[in-house]
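Participant: So the chains spell out like this:
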Amino acid sequence: AQSVAQPEDQVNVAEGNPLTVKCTYSVSGNPYLFWYVQYPNRGLQFLLKYITGDNLVKGSYGFEAEFNKSQTSFHLKKPSALVSDSALYFCAVTSRDSSASKIIFGSGTRLSIRP
Amino acid sequence: GAGVSQSPSNKVTEKGKDVELRCDPISGHTALYWYRQSLGQGLEFLIYFQGNSAPDKSGLPSDRFSAERTGGSVSTLTIQRTQQEDSAVYLCASSLGPTGNSNQPQHFGDGTRLSIL
Numbered sequence: 033a034q035s036v037a038q039p040e041d042q043v044n045v046a047e048g049n050p051l052t053v054k055c056t057y058s059v060s061g062n063p064y065l066f067w068y069v070q071y072p073n074r075g076l077q078f079l080l081k082y083i084t085g086d087n088l089v090k091g092s093y094g095f096e097a098e099f100n101k102s103q104t105s106f107h108l109k110k111p112s113a114l115v116s117d118s119a120l121y122f123c124a125v126t127s128r129d130s131s132a133s134k135i136i137f138g139s140g141t142r143l144s145i146r147p
Numbered sequence: 143g144a145g146v147s148q149s150p151s152n153k154v155t156e157k158g159k160d161v162e163l164r165c166d167p168i169s170g171h172t173a174l175y176w177y178r179q180s181l182g183q184g185l186e187f188l189i190y191f192q193g194n195s196a197p198d199k200s201g202l203p204s205d206r207f208s209a210e211r212t213g214g215s216v217s218t219l220t221i222q223r224t225q226q227e228d229s230a231v232y233l234c235a236s237s238l239g240p241t242g243n244s245n246q247p248q249h250f251g252d253g254t255r256l257s258i259l
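Order-wise, the sequence lines are chains G and H.
In terms of the numbering used here, the first sequence opens at residue 33 and continues consecutively.
In terms of the numbering used here, the second sequence opens at residue 143 and continues consecutively.
By construction, these hints were calculated from the structure, which means they are not laboratory data.
C-beta atoms are modelled at their ideal positions from N, C-alpha and C, and glycine is treated no differently.
Be aware that a few hints might be false.
Distance windows between CB atoms, simulated [stated by the list, open to error]:
1) G:96 - H:145: 19 to 27 Å
2) H:218 - G:35: 29 to 37 Å
3) G:35 - H:160: 31 to 39 Å
4) G:111 - H:222: 45 to 53 Å
5) G:112 - H:222: 45 to 53 Å
6) G:72 - H:169: 21 to 29 Å
7) G:88 - H:225: 34 to 42 Å
8) H:201 - G:39: 18 to 26 Å
9) H:152 - G:52: 17 to 25 Å
10) G:83 - H:145: 18 to 26 Å
11) G:72 - H:225: 19 to 27 Å
12) H:199 - G:98: 15 to 23 Å
So that you can see chain H by itself, here it is in the shape it has in the complex:
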């Protein structure tokens, strides 16, 4: 079946502009995660959605970052007034069950490469 799909695959924008990144998780997956990865580095957790529960936003680096998940499926990560330090790869992942108390692996999209000029 189809995997996690992210769009756009690449985004170049000017400093100060707003950007929207989209994630289509695997159908039926209740959990959805956003991560940020700087070039060849580790993963930085941003936000976690699980079913109808309130999202865990503890990883969002500033109030310029926000995310929503509509209808328990598609998610959009929005970055307002982008800064050069926002340049990174933004990865989305989904899983069948919640993170905690679950052995369900995460399935990752190929990411959106965001470059802020």
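Excised from the complex, chain G in its bound form:
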């Protein structure tokens, strides 16, 4: 069965510092991995995805994520946090190898950037 774990309910970072939001996954076969961001009173917005190839994926708003197959992880990173990055972040996974695969979302991590 597919699953996604976001082990931290909340991450607190000072503005200007690097940030990491963790995600680990379990899927049959090869994964497609996604990160989404949700601002208050809005739907989820797509940030970036891993398909294949380069393990470092770059996305919107200066975010990037690193795919690590051996650790089954897809952590979201940003070199220098902004207060405006404060939001709820979701990791998601689906299988590349099964047309019947569903997309599974993690439980979300609330990122808080203090000035």
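Based on the hints, put chain H in the right spot on chain G.
Facilitator: Just chain H now, with coordinates in the frame of chain G:
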């Protein structure tokens, strides 16, 4: 182009009433999903439509919940005899291709905030 549109944006109703929530997906998107999100929490999958295939209803919490998608476009989620625990944000999303074996991201509407008094 236009994104996913949901209406109403807010709905307040009395316990026991029926409600209908509407979703207009992005034109050309064959896949449509409904999720439920309690305040600031994760997503609960409800139902998934893909093209002309039978919908995946495995996430619907009870027989009071139903959804349809007419003409492969607009979808309506109906909740009958609403209960207070139905209070949540209902999110709709669409994507170009099916969930499985696809790297197409989902595009979300801003949701309907449903409050049951």
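Participant: None of the hints should be skipped; say for each whether it holds.
Facilitator: Evaluation of the provided hints:
Restraint check, residue 96 of chain G to residue 145 of chain H: a C-beta distance of roughly 25 Å satisfies the suggested window 19 to 27 Å. Between residue 218 of chain H and residue 35 of chain G, the C-beta spacing of about 31 Å keeps the proposed range 29 to 37 Å intact. Take residue 35 of chain G and residue 160 of chain H: their Cβ atoms lie about 35 Å apart, and the range 31 to 39 Å holds. For residue 111 of chain G and residue 222 of chain H, the hinted distance range of 45 to 53 Å is satisfied, since their beta carbons lie about 50 Å from each other.
For the pair residue 112 of chain G and residue 222 of chain H, the beta carbons lie near 50 Å from each other, so the given range of 45 to 53 Å is met. Against the hinted window of 21 to 29 Å, the Cβ-Cβ separation of residue 72 of chain G and residue 169 of chain H comes to about 28 Å, which satisfies the hint. Hint check: residue 88 of chain G to residue 225 of chain H, Cβ distance near 47 Å, so the stated range 34 to 42 Å is violated. Look at residue 201 of chain H against residue 39 of chain G: about 24 Å separates their beta carbons, and that is inside 18 to 26 Å.
The beta-carbon spacing between residue 152 of chain H and residue 52 of chain G, approximately 35 Å, falls outside the hinted interval of 17 to 25 Å. Checked against the hint of 18 to 26 Å, the C-beta distance between residue 83 of chain G and residue 145 of chain H comes to roughly 23 Å, which is consistent with it. The hinted range of 19 to 27 Å is satisfied by residue 72 of chain G and residue 225 of chain H, whose Cβ atoms lie roughly 26 Å apart. In this structure, residue 199 of chain H and residue 98 of chain G break the distance hint of 15 to 23 Å, their C-beta atoms being roughly 36 Å apart.
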